[in-house]
Structure formats: C-alpha cells, structure tokens
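Q: Since the structure of chain A is provided, determine the placement of chain B on it from the hints.
If you read the protein sequences in the order shown, they are chains A and B.
Residues 1 to 461 in my numbering are what the first sequence lists, from first letter to last.
Residues 1 to 404 in my numbering are what the second sequence lists, from first letter to last.
These are computed hints drawn from the structure, not numbers from a lab.
Worth double-checking, as some hints may not be accurate.
Pairs of lysine-lysine residues, derived as DSS-like cross-links and limited to a Cα-Cα distance of at most 25 Å, are as follows [to be verified]:
id, chain 1, residue 1, chain 2, residue 2
1, A, Lys434, A, Lys407
2, A, Lys323, B, Lys251
3, A, Lys389, B, Lys251
Pair by pair, the computed Cβ-Cβ distance ranges are [said to hold, decoys possible]:
id, chain 1, residue 1, chain 2, residue 2, range
4, A, Asp73, B, Asp364, 28 to 36 Å
5, A, Asp373, B, Thr152, 36 to 44 Å
6, B, Ala85, A, Asp227, 57 to 65 Å
Now the stretches of chain A that chain B is said to cover, found in silico as 3 or more residues with beta-carbon under 8 Å [claimed, not checked]:
id, region
7, 333 to 343
8, 452 to 459
All of these numbers come straight from a predicted model, not from anything done at the bench.
For each residue, glycine too, the CB sits at the ideal point set by N, CA and C.
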Amino acid sequence: MQFKDIQHLYLRGGFGATPSQIAYRTGKERTDLVEELFAASRSYRGLNHLEDPVKGKKVGNLRILFMLLRSQDQMRELNLEWIRLMAGTNAALREKMTFFWHDHFATSTPLAWLMQVQNNTLRKHALGNFRTMLHAISKDPAMIVYLNNQQNKKDHPNENFAREVMELFSLGIGHYTEQDVKEAARAFTGWTVNKKGEYEFDEKEHDDGEKTVLGRTGNWNGNDIIDMLLENRQTARYVCEKIYRFFIGEQVDRSWLDELSDQFYNSNYDISKLMRSIFLDDRFYSRDVQGSLIASPVELIVRYKRLISLETKNDNDTLKLQKVLGQVLFFPPNVAGWPGGRNWIDASSLRLRMDLPRTIMEGGEFDLRPKPDFEDAPIAEGQSKTDKKASVRSDWNTLLRYFRKTKREELTKKVLDTFIQSDYDERLVALIDKWVDHSSADKQIISTCAAVFSIPEFQLI
Amino acid sequence: MRTYLSRRDFLRNTSLASASLFIPRFLRASGTMSFADAGKPKILVVIQLSGGNDGLNTVVPFRNDIYYEKRPVIGLNPDELIKIADDTGLHPALSGLADLYHNGDAVIINSVGYPNPNRSHFRSMDIWQSGSDPNQYLHTGWLGRVLDATCTNDCVPPHFAVEVDDSLSLALKGETISGFAVRDPRTLKKTGVNPFIDELAEGYTGEGDIHDQVVYLHKVLSDAYESTGYLQEQAKIYSSQTEYPLTDLGKQLKAVAELIISGSETRIYYVSLSGFDTHAGQRGQQDRQLRVYSDALRAFCQDLKSNHVFQDTLVLTFSEFGRRVEQNASNGTDHGTANNVFVVGGGLRKAGIVNELPDLTDLDDGDLKYQTDFRSIYATILDRWLMADAGNILGGDFGYIDFL
Numbered sequence: 001m002q003f004k005d006i007q008h009l010y011l012r013g014g015f016g017a018t019p020s021q022i023a024y025r026t027g028k029e030r031t032d033l034v035e036e037l038f039a040a041s042r043s044y045r046g047l048n049h050l051e052d053p054v055k056g057k058k059v060g061n062l063r064i065l066f067m068l069l070r071s072q073d074q075m076r077e078l079n080l081e082w083i084r085l086m087a088g089t090n091a092a093l094r095e096k097m098t099f100f101w102h103d104h105f106a107t108s109t110p111l112a113w114l115m116q117v118q119n120n121t122l123r124k125h126a127l128g129n130f131r132t133m134l135h136a137i138s139k140d141p142a143m144i145v146y147l148n149n150q151q152n153k154k155d156h157p158n159e160n161f162a163r164e165v166m167e168l169f170s171l172g173i174g175h176y177t178e179q180d181v182k183e184a185a186r187a188f189t190g191w192t193v194n195k196k197g198e199y200e201f202d203e204k205e206h207d208d209g210e211k212t213v214l215g216r217t218g219n220w221n222g223n224d225i226i227d228m229l230l231e232n233r234q235t236a237r238y239v240c241e242k243i244y245r246f247f248i249g250e251q252v253d254r255s256w257l258d259e260l261s262d263q264f265y266n267s268n269y270d271i272s273k274l275m276r277s278i279f280l281d282d283r284f285y286s287r288d289v290q291g292s293l294i295a296s297p298v299e300l301i302v303r304y305k306r307l308i309s310l311e312t313k314n315d316n317d318t319l320k321l322q323k324v325l326g327q328v329l330f331f332p333p334n335v336a337g338w339p340g341g342r343n344w345i346d347a348s349s350l351r352l353r354m355d356l357p358r359t360i361m362e363g364g365e366f367d368l369r370p371k372p373d374f375e376d377a378p379i380a381e382g383q384s385k386t387d388k389k390a391s392v393r394s395d396w397n398t399l400l401r402y403f404r405k406t407k408r409e410e411l412t413k414k415v416l417d418t419f420i421q422s423d424y425d426e427r428l429v430a431l432i433d434k435w436v437d438h439s440s441a442d443k444q445i446i447s448t449c450a451a452v453f454s455i456p457e458f459q460l461i
Numbered sequence: 001m002r003t004y005l006s007r008r009d010f011l012r013n014t015s016l017a018s019a020s021l022f023i024p025r026f027l028r029a030s031g032t033m034s035f036a037d038a039g040k041p042k043i044l045v046v047i048q049l050s051g052g053n054d055g056l057n058t059v060v061p062f063r064n065d066i067y068y069e070k071r072p073v074i075g076l077n078p079d080e081l082i083k084i085a086d087d088t089g090l091h092p093a094l095s096g097l098a099d100l101y102h103n104g105d106a107v108i109i110n111s112v113g114y115p116n117p118n119r120s121h122f123r124s125m126d127i128w129q130s131g132s133d134p135n136q137y138l139h140t141g142w143l144g145r146v147l148d149a150t151c152t153n154d155c156v157p158p159h160f161a162v163e164v165d166d167s168l169s170l171a172l173k174g175e176t177i178s179g180f181a182v183r184d185p186r187t188l189k190k191t192g193v194n195p196f197i198d199e200l201a202e203g204y205t206g207e208g209d210i211h212d213q214v215v216y217l218h219k220v221l222s223d224a225y226e227s228t229g230y231l232q233e234q235a236k237i238y239s240s241q242t243e244y245p246l247t248d249l250g251k252q253l254k255a256v257a258e259l260i261i262s263g264s265e266t267r268i269y270y271v272s273l274s275g276f277d278t279h280a281g282q283r284g285q286q287d288r289q290l291r292v293y294s295d296a297l298r299a300f301c302q303d304l305k306s307n308h309v310f311q312d313t314l315v316l317t318f319s320e321f322g323r324r325v326e327q328n329a330s331n332g333t334d335h336g337t338a339n340n341v342f343v344v345g346g347g348l349r350k351a352g353i354v355n356e357l358p359d360l361t362d363l364d365d366g367d368l369k370y371q372t373d374f375r376s377i378y379a380t381i382l383d384r385w386l387m388a389d390a391g392n393i394l395g396g397d398f399g400y401i402d403f404l
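Bound conformation, chain A alone (with noise of 0.2 Å):
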C-alpha cells in the first residue's frame, strides 16, 4: 500500500496516525494491514475511571437512585477519560466504532455511572454482532431512562424507546406504522430499572395480551420485537447506509451499499465481516472516497493528540473546545445523534478550526467561550471572569524528526501531500511558502505543519 492509502485506512478505520507509523508501513499489503487494524482491536480496555455508586448502598426508590448517579462533573471526567482513550489506544479501530456507536444509540443523560456502563457495552460489542448489540442496547439501564421506558407500564403504555427503536436504531423512518409503534410499546412494558441502576423485567407491569406489529400478531414481548426488526432486511439496509457515510462517503454507490447491505444480513449482523470487506474493497481507496468526509469536532481533536499531543493545561478547555467546535462526546444533541458531514462547519466554526493551528504553534491561549449550560448558574456582573483563556500545549518532536529528512525547498509540497486526503490547488505551495519562517530549519517544518493544519482542506478525512 501506499502512503496516501494507508493513511486514508488509519483515518477512516482509526483517528489518524503519526507520519512516520505510515512510513513505516508503505509497501506492505492491504490484507496484512487491514488484518493488522482488526488484530491491534482484540484486547482492549473501557472506561474505569467511575465506581459504581450504588454498591454497598440501601437505595429507597429511584428518584433517589438518580439523584445519587447525577454528576455533571463526573460526566466531564468520563468525557475526558475517553478522548485520552482514543488518542492512546492502540485499539484504534474499536474506539472508532465505539463512537460510531454512540452516536448510532445517542443517549444523553447526567447520570455518568450508567453512561459508564453504555459505553463499555458499546465498546464490547462494537466489532461483535449487532444483533447482540441491539438486544444489549434496550436493556442498556442509560438508554431506558433516557427513552423514558422506566414509565413504559401496561396501563400507561409510553411509546418513546419503541419509536425511536424503529426510527432511529434499526429500520429508519417510514418502514412502520404509527400503529406499529403502539403495539410493539405494550412488548417493551415492564422493561425498567431497579433501584440498583440495572436493568429488570418488571412482569406485573407487563402487558402479555396480543399484539400486531408489523403485519404479525401474538403475545409478543419485547425480544420478539427485537428479533422482528432483525429479520427485516430493511434494519440491515438501513444500519450499513448509516456506517457507508460515517466510513466511506456522503455520496452513496447503492450498488455497493447493496452488496453491503446483503452482506450484513447474510452473515446474522456480522460487524467485523462488514467492515473488513470495506476496508479491503478498492472502491474503499478510489479518488472520491479519500478526503471526502469531513472531520468531526473530536476527530479532529483526537488527530491532533496523535500527531502532536495536543493538551489544554485545563481539562476542561478540552471539554470547551469540544463545546464550541460543535461535538461534545456523551452530549449528543437529541436520540438522533449528530447531523455531522456538512453541518460541522458554518463560518464561525471552521473560522475557529482554521485559527486553531497558529494558537497551538504558539503554545498559546484561546478564548473560547462556549454557550453556557442551561443548569448553570447565572454569572453575576462583573464576574464574566470566569472565561478565562485556555492555554495549550503540544510537542512537535515527532513531526521534526519525520520532516528534518526532506530538503527545505521540497518542505512545503511534502507537508502537504503528507496531510492533504483530498486535492488541493497546487498554487498552495506558493502561497504557503510566502508565510512560513523560514529563519531555521526547525522554525520551518513547524510553520509549514501549522499553516497546512489550518487550510480548509486539512478538515477532509
């Protein structure tokens, strides 16, 4: 393989990787790289920061139970645990499909001890089986409160988890009735959770008469349900176009989705198969497929911890740029995730992406001030102080290292074809050798790096 497209493989099936590890790779074959990224994904660990609240404690009902598991700053230190998890991993390729995940089952509740959990069982079985998955998601303690099925009882059914199972985790919208919905929310009755945060049947609280859901009747419960939506090809289909866009592309080839799709529901939702097949596919390297995605706010983060250790002195800066470049890891926006591709960037969001290089070469500060939570406080007047500026920090050795081989006249198309997936004008390698320093050898390998992290094409993954 070459440079460009074991890049492309770590990019997509990863979060990037340093120059010299692609280097280090150009020539071998794609079957042993791709084997490589799937190998380095066996073991793995999740997320252990938090301990389980609730053990060793007596807890009266739920209400209290919340109230022990709420922790907003427990959920910043979860946030934080994981972006140091995909930058150091060398279990790349699960924790990006863990994020694919969690952005497929998007849950967002305070209640950091069961998102703790959620997560983990994403992680688990994030290359497993999505039939597995989906049976472990609706019994996931986080997804059922979020979902509100703990008030999913039989004599006040609540329709939100079996909806948005439909909607939004299996078939997509328009494959079942608002009948459908009704029904099979009698199934999923008396799914809750007990005063330890775990899940349980509740059976008085279940409803067993007969249902109808998709065109089948009987006293179905909500494994049925499950299994139904699994034996629809439609979920299959539906599943693979959602990891076509966040892998491949915006722009779908249905006669590979197809292939794909088929695939996916011939092997029982074998999500390795899936995805080793597109990694190994030609059509996964072509032209329009490298460089067309763009970036997620914590891609592009986690991109540049792996190429040059990017810190914030202060953690939470970490959070506040997640905040104000859009993507905030466990804050999904609503059940539907986040719209991603094209609506990352408005003017004032990639203005910042494109600003952001200069602040970190300069080891900095950024005054960033995100929108404020909505349970915070008021800040009285004259306290605005509390946006302080955010410092950062990062390491170039590894980049100088990589770049002290290369001639300084040939520095900047070499940074660029370097970093650069997509096409670029070739005009640029004028334009940036007009701004770099070129006062040392030193001072230039890092001007260039910066001025091609800040050009909008360094967004394209």
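A: Coordinates of chain B only, in the frame set by chain A:
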C-alpha cells in the same frame, strides 16, 4: 511548549495579503431574495431565555387562588406586581417591559407550547430552535431555513443572520447557508489570519477537477471572510449614545442596535440570556435575570426609537419551557411545559395580551396545557414580517396570530 513565531511575526507575515479581494456580495450581484429586499427592511431580534423561565412568576395571575395555594413561598404578592390588566401582573423586575406594554409596543401570548411537551432542556430547545414537531429531528433551524429560502438564485451572505456569540445556535443553521456568530463586531478580526487561504478561496471557481467538499469549504471560507469584513466596517459607522446596562445582554443588544442603526443589511439577530433554571431559591435568581432582561430591552428599544428604526424592528422573547405550577421543596420550580412569549416592536398591528391566562384548574399532571402552538407565532413573523414563506419553512400550516 515551543514558540517559534511570535504573534507579531505572524500578523506581519499574514499582512502580506494581496490587496484586499474583499468585494461585498451586494456590490457584486443583486440577489433576488424576497425577504431581503422587500421595501423598507424589517428586522427580527430574538432573545432566548435559556434554562426554562418560570412563566407563572413572569406574567402572574394574581387573582387566582390556586396560584397562591401551589406557591405559598415563591408566589408573588399582588402589591409587588406591576398590574397590566384586572387579573394580570408583571414580575416587579419587568418595569421596562411594562412601559413598552403600556405604550402599545408589546404583545404577551400566554400558554405557548407544543403537543407532548418534552421536559429536557436540550430537546425542548431543539424543538423551539428547529421549529420541528415534537417527534421530529431537524438539523436546521427555523431561521436558518429563512436563509436557505433565498438560495434559489444566489444565497444571501451569512451576516444576514447574526448571533452575538462565539458559536452558532441551531436556530440559525440552514442546509445551504447558515448565519454568522460573532461575539463583538467591533473587535472582529479579519478572517484572513492566513491570507493565502483568502487568496485561494477567491481563486476557486468550483470548476474543474476538484472535490465537492473542497469547493464547499472554500465557499464557506470566502463567505466568512466577506461577512467578517462587512460587519467590521458596519460596526464602525455608528456608536450608540444610549446608556445600556453593563450586563452581557446589555452589551449584546447595544451591538445589535449599532448594527441596525448603521443600516446593516442584517435582517435577523439572535442573543441569549441564561440562568433561568431555578430549581432552588427561585426568587433571587429569577428577579436578577428578569431585571437583566427587562433593563437591557428598555435601553435597546429607547435607542431604536430615538433613531427612528423601532417601527422596523420586532423583538421576540421565548424560553424552552415554563415550569411546574407547584413550587418544589427547595423554594424553586421544576421543569414544566407551556410558557408565555413576548413580542415587542414599533410596528405591531395589534398590541396587548393576546389570550387568556393559563387555566390552573385544567392541568396535565401538574403542568399547564398549551393553548398556542409556538409555530403559529413563527408563522406570523415569517409571513408578515420577514416576508418569507412560512408554510415552506415550517412544513405545515399552524395558523397566525393577529399581532402583525
């Protein structure tokens, strides 16, 4: 930490930019946008109260015994209220709004909401900002779609909708074109921190063998550059003589007034005030925030009046939900449902209180039932003020309210 280039070096280097290629679009092409050039420009200012303002302690039904029964501690006494009708009083901090009301420049709409109310801040704000159905997920905002609607020919530039903030709210995001977020137009720096990019952006024609996404990003970049330049110039034209409160909202509205008075082509402005999530000790906190709101609004409207643009400006104030009727154990209130909405401006067709106070005898599990769909207010503003096609933008007919 390494510093190889000082900030000054950086700026010096970047100032090597070729002679400004910034040509405002309005000089380049005359758009055919309906809302943008229909007669005397009408301007919309949205003030978002984030956190869920307690509407029942904002517009108070002081003759209603249930109100005092449910709120023995936090209920407001009739003698502290500003009376605006036989049975209606405004929170004492709202003297600015009350003056506007008495002057015939304010509309109060009670019990505004949507079916199957969602009590999550995030989701409910999502619904209000996108203008969606409660079970629909839109990734564009109701005002962003106003911008989109201009794109049949050439979209308006981003600064047609300005949010005074560092980041852009969903409300102003469109499919093809989004609004522009700027914290302080006066200190706005050129987008051109890397002038070679501006140069290149101008050079891109979108023709030839270039990836769509590359063309797209460069287009956003050149739009940003253009809007930055435009607003920067515009902000220099007029400096307000009116005294504003020194609050963040005061400063934001002052910046908005300066742009309006300077004749900026901006049609939509968006500002937010947070701190309304009053679960505990509501009295002090809500008093402070409502005062911040009302005092800034008063100065803003005075400024517009003395510059003769008040009749062309409409100010919409909303919050993502109201709060429960009953106070909680911490002398606060928890997340509720329907809420009141204010519309202020010099060009109202019909001012005053639009509908009855909420019915406290007919509650839904302790929460108000909505009487007015928020989208009927949007539709009225879209069709009758911004000259946009409400049916298209909202995806349905939600009726109108006759304040315009």
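Q: Decide, hint by hint, whether the structure agrees.
A: Consistency of the hints with the structure:
no., hint, result
1, A:Lys434 x A:Lys407, "holds, 17 Å"
2, A:Lys323 x B:Lys251, "holds, 23 Å"
3, A:Lys389 x B:Lys251, "holds, 20 Å"
4, A:Asp73 x B:Asp364: 28 to 36 Å, "holds, 34 Å"
5, A:Asp373 x B:Thr152: 36 to 44 Å, "holds, 39 Å"
6, B:Ala85 x A:Asp227: 57 to 65 Å, "holds, 60 Å"
7, 333 to 343, "holds (count 7)"
8, 452 to 459, "holds (count 5)"
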